[in-house]
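Engineer: For reference, the chains in residue letters:
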Amino acid sequence: MSTELSHVVGEHPDLPPPVTEVGVIGWIRHNLFSSTSNIVITVLTLYLLYVIVPPMLNWLFLDAVFSADSRDDCRAIAEAAGDELGACWAFIGKRFEIFVYGFYPAEERWRVNISFVLMIAALIPVLFDNVPNRKQGLWFSLAAPVIICWLLIGGMGLTPVPTDKFGGFMLTLTIGVTGIVGSLPIGIALALGRQSHMPALRMVCVAFIEFIRGVPLITLLFVASTMLNYFLPPGTTFDLLLRVLIMVTLFSSAYIAEVIRGGLQAIPKGQIEAADSMGLKYWQSMRLIILPQALKISIPGIVNTFIGLYKDTTLVIIIGLFDPLGMGRASLADTKWQGLSTEIYVFVAIFFFVSCFSMARYSLYLEKKLHTGH
Amino acid sequence: MTAETSSGNTSLLYRLFFDKELRSVTIQVITMALIIAFFFFIVSNAITNLETIGKGYSFDFLWDASNYDINQTLIEYDSRSPHWKAAVVGILNTLLVAVAGIILSTIVGFLLGVLRLSSNWLINRTVYVYIEYVRNVPVLLHILLVHGIIVNNLPVPKNAMMAFDGTLFLTNRGFYTPKPLFEPAMWAVLIAFVIGIAFTIWFKGYAKKIQDATGKIYPVLWISLGAILLFPIIVFFLAGMPLSWDYPLLQGFNFKGGLVLRPEFVALWIALSLYTAAFIAEIVRAGIQAISHGQTEAAFALGIKPSRTMQLIIIPQALRVIIPPLSSQYLNITKNSSLAIAIGYMDIVATIGGISLNQTGREMECMTIVLGIYLAFSLMISAFMNWYNKRMKLVER
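Residue numbers (our numbering), protein chains in the order written: chain A, 1 to 374; chain B, 1 to 397.
No lab work stands behind these hints, which were simulated from the structure alone. These numbers were taken from a predicted model, which means no experiment stands behind them. A few of these clues could be false.
DSS-like cross-link-like pairs, simulated, lysine-lysine; straight-line CA separation at most 27 Å [claimed, not checked]:
1) 369(A) with 296(A)
2) 269(A) with 20(B)
3) 269(A) with 209(B)
4) 20(B) with 209(B)
5) 369(A) with 269(A)
6) 20(B) with 281(A)
Construct the complete structure from the given sequences, taking the supplied hints into account.
Structural biologist: This is the structure:
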């Protein structure tokens, strides 16, 4: 009786939505169990995750040994704790410095540290436009590579360090950052050359781009390491790292050129014609009208190419440079730590994942920031 | 007079640099001159350098005995075979892993791409995490990791892991399966298979003609499956099952007989496929998302079944978006197969560009061959993909 009279006739208050439609239960129902096929997929995925994830976590963390003096030590500790044999991270901990600095002399490693700080400082004004004093910062970014180069190689007051001592993550960063910094301007030039009205120039650019894109990087690195000396005047020698740097830069500039060409082709012809009719010269119209728009739409492709280049720095182990992967494999020769390759691979994989994933995220941020449409 | 001539001369000189038309000629002439000078410089250097150490530039060494063995060969080869044969073995091995990789990565990639679009939150996120992990880790690392797992974690042949009721043995020396041995009557089955394919091609055209004329739809898929699969199987049984299996048997420390997939091949194949599949998945996802939802709604409004909508409306349009980047992924898998050298799979880089190069000391010639072959592969794949792309392209006004 009383419930019937709790409201005026014809003005029934809204009932709350059914429990199964909102909140956690509603979400689970809609996202995981909305249809028969969905239920099957959910159950299968859960089973798959159950099979894969717990053993992985066990190996990575729960059964892992974080401090030990040798692999047998690791095994003994795991057995003493009654665990199955997990990862032996002690190895990474013991060799951490070698992974970071390679064979760089221990007393000179502060130079690598300063270079790293300088690199970060130089990157900030380039990457973010809301930092104070950005203009001065950009001048610093322009000067930083020279300072870093001086710091790493030495000379002029610092003890010279030959480049074959470079290794580990430091080598990865050296090759990756040089390649990225160098390949963008060369790539832009090649893309403009390919779009040029001058047949000879266009032909040269097309031949270069197609040749580089047609062969794997590893063969180009072989060319750099075995053949390049033949093409230089007799008696000249050429630093191996420098050769690799040049090859990597040229390689990725061909890919950058193709990405930017795509961006250039997406710009309506009216833009160029408008720039021409305003009386802008070729370089002015390129600098002020065409390239800003073309580069903006090419950002995802450019960053993908950079990520690819950064990942490709691992290939240098095949021609005998020691990046973290090479360092790890080399230190496996130590009988105390034999057979720990998986730990090394996982460790290096985490490093690459973090750096590449953050690059991808930055590209998303940049796309969003530059998005001027609706 | 003199003043005029001189002014004409200066104006020509002036125009060479400041007149738009003439300037482009100047720039091109200078570019070409610089490039020719550059090539002249490096070639003359190379000739001098080669002469100094007493090497010429000739491919005669290709006919000398190679003096090394290759553990996986698709054609007959031994250490007395010439270097060119080693190169052919390498090319075939590269092609083998590239083709196998393209097939596996396409299947896995399309599957992952579709799952990535699933409305099921759990699978969607799981696939996302997996794809991001695979994409952001170098392919060389994947190859080494898979190889390491096979070599270090799988049992020795003596305690081989058995799968599928003794038809597949997983060991750290490779994967062993029974090898089919064909008897002569197998030819009949092969011919039946070819006939099945030919019939399918004819039947597809015929069904289309009938459909255009009368609107009657034949179940083309089922009939062609019957022609391609069922018909050869029937012939196979009629011919008295002309097929026997060579089972791998454990003898001593290793298996003898059977078909062996070496750990290097398996590692390279799986790692390359999974790596490329992650990229293909993203391409497929982007391709399907590029098709506006209005297309599906319009198809439903016309009363087309969901399965036919996918087959006739969505997939053909999505393929147009998918194919160009897909073709560059196929190129990538072919080029990435050169990383084989890191784990000792004998591809073209490892045979002619590796051991042959080291044994003969003919860097120039060997690298020329390797680069030439990769360029040829790339040009062929991109030519094929361009042709296919043109066929699929939207015909606009």
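Engineer: Take the hints in turn and mark each one as holding or not.
Structural biologist: We went through each hint and held it up to the structure:
no.	hint	result
1	369(A) with 296(A)	10 Å, holds
2	269(A) with 20(B)	20 Å, holds
3	269(A) with 209(B)	43 Å, violated
4	20(B) with 209(B)	58 Å, violated
5	369(A) with 269(A)	25 Å, holds
6	20(B) with 281(A)	10 Å, holds
The structure is inconsistent with the numbered hints 3 and 4, although it conforms to all the rest.
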